[in-house]
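Here the protein sequences line up with chains C and W, keeping their order. Letter by letter, the first sequence follows residues 1 to 431 of my numbering. Letter by letter, the second sequence follows residues 1 to 319 of my numbering.
Just so you know, the hints here were simulated from the structure itself, not pulled from any lab data. Certain hints may be false.
Stated by the list, open to error - Every beta carbon over 12 Å from chain W, so not counted as near; a handful from chain C, in silico:
1. 136
2. 155
3. 338
4. 346
Stated by the list, open to error - List of simulated lysine-lysine pairs, BS3-like, C-alpha gap at most 25 Å:
5. 238(W) x 88(C)
6. 74(W) x 426(C)
7. 411(C) x 171(W)
8. 96(W) x 398(C)
9. 186(C) x 32(W)
10. 117(C) x 411(C)
11. 410(C) x 431(C)
12. 86(C) x 106(C)
13. 426(C) x 100(W)
Given the structure is predicted, the values throughout are model-derived calculations rather than measurements. Ideal Cβ placement from N, Cα and C applies to all residues, glycine included.
If you want the building blocks of each chain, they are given just below.
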Amino acid sequence: MIIIPILGGEKTRRLFYVILVVFFVATTFGAITLTMVETITSPARTELLRQLLDEFEAKHPGVKVELISPPYESSDQKLIMMLNTKQKVDVFEVRDNFLAIHVNNKNLLDLTEYVKKWDGWNDLLDLTKTAATKIQGKTFYIPYGFFIKALFYRKDILEKNNIPVPRTMQELYEYAKKLTVPAQGKYGFAFRGGPSEHSFSEIVIMSYVPNIDPRPDRGYLTTDGVPYHDTPGAIEGLKMWIKLYNDCSPKDSLNWGWAEQVNGFVSGMTPFLIQDPDTVPIVERRLGDPNLYGVAPMPVGPHGKVYLDYGNAGWGIASYSKYKDEAWELVKFLSSPEVNARFSQLNGTIPNCKSAFADPYYSTGPYLAWYEELTNADKYVFYERPVHMAGFPAYAEKHKNDIQNIILGKKDLNQAVKEWAEFWKKEYGIK
Amino acid sequence: MGGVLEKGVWYKVIQVGANSPHIWGENDLMVKDRKFILFMILPTFLFISVVTFVPAIRSIFMAFQDYNMYYLTKKFIGFKNFADAFCDPIFVQALKNTAKWVLVSLSLQFVLGFSLALLLRKPFKGRGIYTALVFYPWAVSGFVIGLQWRWMFHGSAGVINDLLLKIGIIKEKIAFLSDPHYALYSAIVANIWYGIPFFAIMLLAALQSVPQELYEAARIDGANAFKQFVRITIPYVKPVIINTTLIRFIWIVNFPDIIFSMTNGGPAGSSHILSTLLISKVYNEYNYGVASAIGVVIMLILVTYAYFYLRFSKTEGGF
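Sequences are here, hints too, so could you generate the full structure?
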């Protein structure tokens, strides 16, 4: 390119300079298009995101944002493929269970330097900061919100049967058992035996363990440095979980997923339900009356506490993005308190910053339960599942199959817990 | 136009020289024309290669690679993925389930589809509407069918439990999709319902091409309905039967939609077939390597099946 004009005459050289200037002007002052990929897609959420992006575009002339929203069922695979084949992606939705994949494959930009110059950082909840920096202490994404479990209950059914809201796992079992009359198709508990059952069973099982290590890189270990799974407390907890199935839940809940759980709750068949905050809008809409249900903080185990995983997702930047600074502007915009609060309300997630909790939407009503969980560190201990470790997906699948087999009488409970403990000893390299 | 009939084929005759009538046959295609035809086929060939052969070959490579999305090393690891798959008890279960899934589904789909075609062959009032209704399941996506049947088989609120209770066949509700004894068979019921129209459509078309005179002649000769069926109907529609069962077998093996949406392979992997297990390896465990190994196993089963089936059906005088 440079040789040609030198060799050419004056005319060619002049033409070259003109082209160069035009090119320079076009790239400097022309519109930049950021490509953003969301993965937890739903039509309503895509619509809101588009609105927010339009506002961003209005504030940043010269920057356009193209939003890609693959269908939810295959969105994560699609995103991973896009990133691995280095297709144009600037900003993308990072789900906690895929964070490790993105970092391992070197597709996520380290935001540590950007964050240092950002005022918004100090307003973030401590939990947000912990999540954001959990890999190598570097900030790879800014979480926009959390999925934390709480106990949903049917107010009308509890009142009719004169049953209070349970505060311990033992009470939950007893009350659920009282409500169970299989001949009338009435049960106490919406058991989860199908996909992702581990994020439900673990809450009950771990609440019987006195010493879970809450540090993010120690997921599933006790403070003694061993997997919790075959400790005496965990075995007791697992027995309780199975009792909840045998004595308080419909038989087919062995393979229930989210839809069946929510259906059981809304129809009144199973008045106790453990679920995430994003279930609130759906339950409310389907019940048609907000007075029919309530949400309570998770019941605690015999040691007076319960361990809660803080599932989350956020926004990150592709390591190979050409427009890193503009992408950071967008991430900052989406993470600002006002935008985050609007997004969280529709998304059903717990917001990522302190100032959002001033909003009455979060300081009253069903969300109060989560506020209590977030502000009582002695009772509600937040830990993180080792989702960043390579064996996790295989473990989750094994856990589901094993629990189903234990209930079906095809697997010995003690054998199963031993295998789970061995699995994690191997993953952590503990001898 | 002049022509000549030779061995049942009508050839066009063109005058080449004054006295030598030339019979225009295949061999006269000029080299230039052949090239042109090849050129015209090329886009289709390339398209099929890109969307079918390339991914298939790539997946065979992946079956020998460490292809886990968590740590994408892509190292070649020999037969480790196959060993991992074979050592998994769920794989063995899935292999047996695949056999049950195909044989039970295919045979009942065929028998019921054929019966339906025989019934629909005779004209009756409202046949058009009835035929359209019968063909309806075939027009719906397998995934949607699975979702519909999942709610029908629901252990607490499903209509099937309700009906069985009311008729008095069962005394308490059955958790169809959560009981390993019923889960796979529930999916098979849905699959049979879904596949009947295919056989009904294909066989009805074949039945309508059987000349009526043959039946009349047979009746005059004193053949009863059964004999007519065995001696006339079956031989006439045999090529269609062979073709449809071959195609259907392959489709059913490669048809995870219904099981995926009804039971997702559960409980405890008891209703997995190979193709749903493959999906589970990709979507739940992110292990593309083992998934590809399972894909290769499926491919080998189907190629072997197709080879023997075609050989067998040829010696029997099919096609």
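Here's how the hints hold up against the structure:
no.	hint	verdict
1	136	16 Å, holds
2	155	22 Å, holds
3	338	36 Å, holds
4	346	26 Å, holds
5	238(W) x 88(C)	54 Å, violated
6	74(W) x 426(C)	22 Å, holds
7	411(C) x 171(W)	28 Å, violated
8	96(W) x 398(C)	20 Å, holds
9	186(C) x 32(W)	79 Å, violated
10	117(C) x 411(C)	55 Å, violated
11	410(C) x 431(C)	29 Å, violated
12	86(C) x 106(C)	11 Å, holds
13	426(C) x 100(W)	37 Å, violated
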